[in-house]
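Undergrad: Sequences listed follow chains F and L, in order. Note that this note's numbering numbers the first sequence so that position 44 is 44, with each residue one more than the last. Note that this note's numbering numbers the second sequence so that position 559 is 559, with each residue one more than the last.
By construction, these hints were calculated from the structure, which means they are not laboratory data. Note that the structure is a prediction, hence the values are computed from the model and not measured. In this text, a Cβ means the ideal position worked out from N, Cα and C, and glycines have one as well. It is possible that part of the hints are untrue.
Incomplete in silico selection of chain L near chain F, CB under 7 Å [to be verified]: (1) Ile368; (2) Ser463; (3) Arg466; (4) Asp598.
Over 10 Å on every C-beta distance to chain L, these chain F residues come out as not near it, computed from the model [unchecked claim]: (5) Leu35; (6) Pro131; (7) Asp144; (8) Gly183; (9) Leu196.
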Amino acid sequence: MGILVFPGTNSEDETLRACRAVGLEAQLVHWNADLREVRAFAAYVLPGGFAYEDRVRAGAIAAHDRLMTVVRERAAEGTLVLGICNGAQILLESGLAPGLDGDPRPQAGFARNAPGGRFRSTHVYVKLAVPPSRCALTAGLASDAVVPAWASHGEGRLAASPEALERMAREGHVAFVYCDATGATTPHAIPNGSALGAAAIVNREGNVLAIMPHPERDGWTFMHHDASRERARGDAAAMLAPSGGTVLFAGLAQALG
Amino acid sequence: MRSAGTLGSPALRLIGAGDEELARDLRAHGLTLSVSELRRIGERLGRDPTLLECYAFDAQWSEHCSYKSSRHYLRRLPTEGPSVMQGPQEDAGILHLGEWNGKRYGVAIAHESHNHPSQVVPFEGAATGIGGIVRDVLCMGARLIALADPLRFGPLEDAHCRYIAQGVVDGIGSYGNAIGVPNIAGDVYFHDGFRDNCLVNVVALGLLSEDEIIHSAAPPGSEGWDIVLVGKATDRSGFGGAAFSSLVLDADDAEANKGAVQVPDPFLKNVLMRASYRAFDVVRERRLTVGFKDLGAGGIMGCTAELAASGGFGASIDLDRCPTTQEGLPAAVIAVGETQERLAWVVPPDFTPVLMSIYNQEYSLPAIARGAQAVVVGTITREQDYVLRRHGEEVMRVPIDFLTGGIRYDRACELPRLAASAELASTSSAEAAGPQFSEDLARRVLAHHDVCSRRPIYERFDSVVRGTTSIPSGYADAGVVVPIPGAPLGVALSVDHNPRFAMVDPRLAAEHAVCEAIRNVVAVGAKPIGLTDCLNFGDPENPRDFGAFVACVDGIAHAARELGVPFVSGNVSFYNRSASRAAIPPSPIIACVGALADVSRSATLRFKVPGHALFAVGGFARRLGGSVVAAILQLDERELPPLDYPRIRAEMTFLLEAHASGLIAAAHDISDGGLLVTLAEMAFPTLEREPIGAEIFPAREFASFGPLQTFFAEGGGFVVEASDGASFAALATQHGLDAASVRPIGKTVAGSQATAALHLAECGSYDLAQLHEAWSAPLRGFYDELARP
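Sequences are here, hints too, so could you generate the full structure?
TA: So, in structure tokens, the structure goes:
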């Protein structure tokens, strides 16, 4: 599988590590790569960062990058695509998610955080809000699975027309919602004012997932600050083991067989 | 400030010109050189210097580049030790982290200030501060792993101070977040002394293995090698930055000074860093010895001259080959302008095409920013001259050692005068007048701007990008990253210096800063392996300002020697005083790097389990000088808590062993606000899930002073939640630490959101949620009202 790197991407290394930690064969693909080679991958991950400096809007320029023409074609063929943070913004800007009625135009966006409109980096939990089978990447998760992650973004507030929001809710496009450590969805748990408390959007076909918070930034025990860290005290192997957020990458591995 | 438009005339006429006339000429050209410095240049060259040469010397001989007032004092710092892989001679020092898979790993550290630019244009000034420090670490051949920001602002009640604080925080975030380096540590103080002169210090860490170190020097035998400039095309920004940073800021010049601040481009830097990492790999594969250095003060001239001179060579640069953003830039702007996002390599000519292809094709720099590229701009020469050419003609030719060797000034120095001890005995008003411990006072201490939650600030910085962060900002006294995938090695980083202490006794405050920076990494379980200092002071030409500098250098040198931790890098920032007001509080800001052999042995500050024993390790003091409570109650306290080095050493050794033995569940230092704040901050994070409070014994059972001193004195030391109190106490005894050093003070207790509390025996019980609100509220509205300049 290919991890797409645009100028300004900054989370490619940890995304690559997370993929490899669950046994995926993955490699970085630069913006000026040969498109024939790009086409050959079995899945694509769009990592976090500030692609093309987030000029115009976060993800807006990268959505029109040459690599994305390939991703668009491959996604239409059913190939799995995971976008994280800036990658999620790119997927919404390119219309790949939510893709209501298969419409290729952008139907929703991740707007500036509210209140304040500023970048915020904070630990969060997200809960699976659709049946696991709704999305190929979550098929292996338990219903209501709670995944730890870090929200580190300035533009993560889901915004769309009232009609589009209503349809996204009704037709199961909100794959994950923000919650607290116990899985309770409270307004306090939403770090950015996102509509519907949405943390991740899935397309109609279930093969494209756009998630704002970074599961790979809480994907190993040494990153956790809960009981699992205490249990790993004095045990370096346990401390360095993948856990928590990597579950989403495991879902990707499982979907790819 | 000088304008680039005045750079027409070829030379400054020295012969026959009087001092007054020369001083006028210097001012007219915006040069900060003194008349005697100018005459010295003329004498050595045996002719009138060209104006371009004057700008070159102006940069190289500035305080910022030459350390002309400070260098000989800095020799007093201890710089050697078993952990030192490279001491303070290049852009960054390197400390030995540990071995993994047969490789010796080092941590490169650099520490700089960007005070003046941040005062003038806060956003850009702070952002370019990050940009510069990142290049200092990058050019050692290291990959960036962490950032930290010590910040000092004027009071937030002042609209302009608020504007500066907001702009600085936004600037740091915008740059650090975009390049993708986690910001894991920092501190913030608000003090009237920073009203007209904020401090924006930055620390950067990089990782490299011993065989990857690249030096900022033309290697032996590099005569005839290419000098390759990489990065942004030169523009008009940042002309005169080095000289600007060595000026006392004058409000009237504020608009003119803005031109001297560089323009940040984190987007280009992101790609430039990654391309350079790729170049490091290829250089290592080919087993090449090359030179690499960042462009900072003095621009192309400063960087290439120092690269050549450090190797014992000269250099010749063709300014026509340097990419510029516009036609007709004056030669002096191309030569010494400080456009950001540039570095220079010294490589053998047969490697040049490979290097250029990495930057220009593989990472397509020219497509990333207009004019950005890698390009050969000159050659290393055996001849010991530094030569610049423009339009085929020499516009500068000077002996390179004269240009880069710097100059030295012996400044007049008046050491700080402290209150005599006879005076002190009678002025401990806390004991005499007897202000009492009260709930209201506890809340006011927690809400003090130097104590309250920093979350609204550090949340603007990405502390977890790169996926290596084990302890982000706010979780412990030091940040921790685990930078080598698969290896248990951790790197801890902390910063410290307390300006309130500095106003009482600058030298002892400097010693406290070293102790606390070290204490912070010990608190997480890391062994302190090295220090850096950024020495922020007033005017070196003012004997009292300079005296404070000398006293503080002696102070940090003494403390570092006593605790056996070397300095490997640092920076001096003078002229931090405004035209109308006094100098800033003397501010030697210290950073400490710690090494964790096994990150599974690290501890955060949050209480972990109800029923665990709590200990105070050190930390009690009778003196309230410089404390938050003294500031709030306006107590006339003129003595800082003393430092007992043998005891501090023993306590730290003991704690590191206790960490390694798994006896420490949580640890937090006792600093701003004192013991009560320490306990509260250990309890606050538990409010999120299963609240844990603390039950503290009657103060008279463990402290020899009254409750006011017991709970609010800032004597240093730690509070430890021991996972096994009996073993912890036994280990302390083995280390020869008596009950005065390691004291049981109480235990953790379970609570709920409604009932969790700090029970302070005779001082009453305090609802944790209410204390938390007092502590969280003050900076919550940091951005609510955006201030305007």
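Undergrad: It remains to establish, for every hint, whether it holds in the given structure.
TA: Hints, verified against the model:
With 7 Å as the threshold, the beta carbon of Ile368 of chain L comes within range of chain F, its nearest partner Cβ sitting at about 5 Å, so the hint holds. Among the interface hints, the one on Ser463 of chain L holds; its C-beta lies about 6 Å from the nearest C-beta in chain F, closer than the 7 Å criterion. Hint status for Arg466 of chain L: holds, given a least beta-carbon distance of 6 Å to chain F, under 7 Å. Annotation: Asp598 of chain L was flagged as interfacial toward chain F, and the flag holds, the nearest CB pair being 5 Å apart, inside 7 Å.
Every Cβ of chain L is farther than 10 Å from the Cβ of Leu35 of chain F; the closest lies at roughly 15 Å, confirming the non-interface assignment. Its beta-carbon lying about 28 Å from the closest one in chain L, Pro131 of chain F satisfies the requirement of being farther than 10 Å from that chain. Every Cβ of chain L is farther than 10 Å from the Cβ of Asp144 of chain F; the closest lies at roughly 18 Å, confirming the non-interface assignment. Once the 10 Å rule is applied to beta carbons, Gly183 of chain F is consistent with being away from chain L; the minimum gap is 12 Å.
Distance to chain L confirms Leu196 of chain F as a non-interface residue, since its nearest Cβ pair spans about 23 Å, more than 10 Å.
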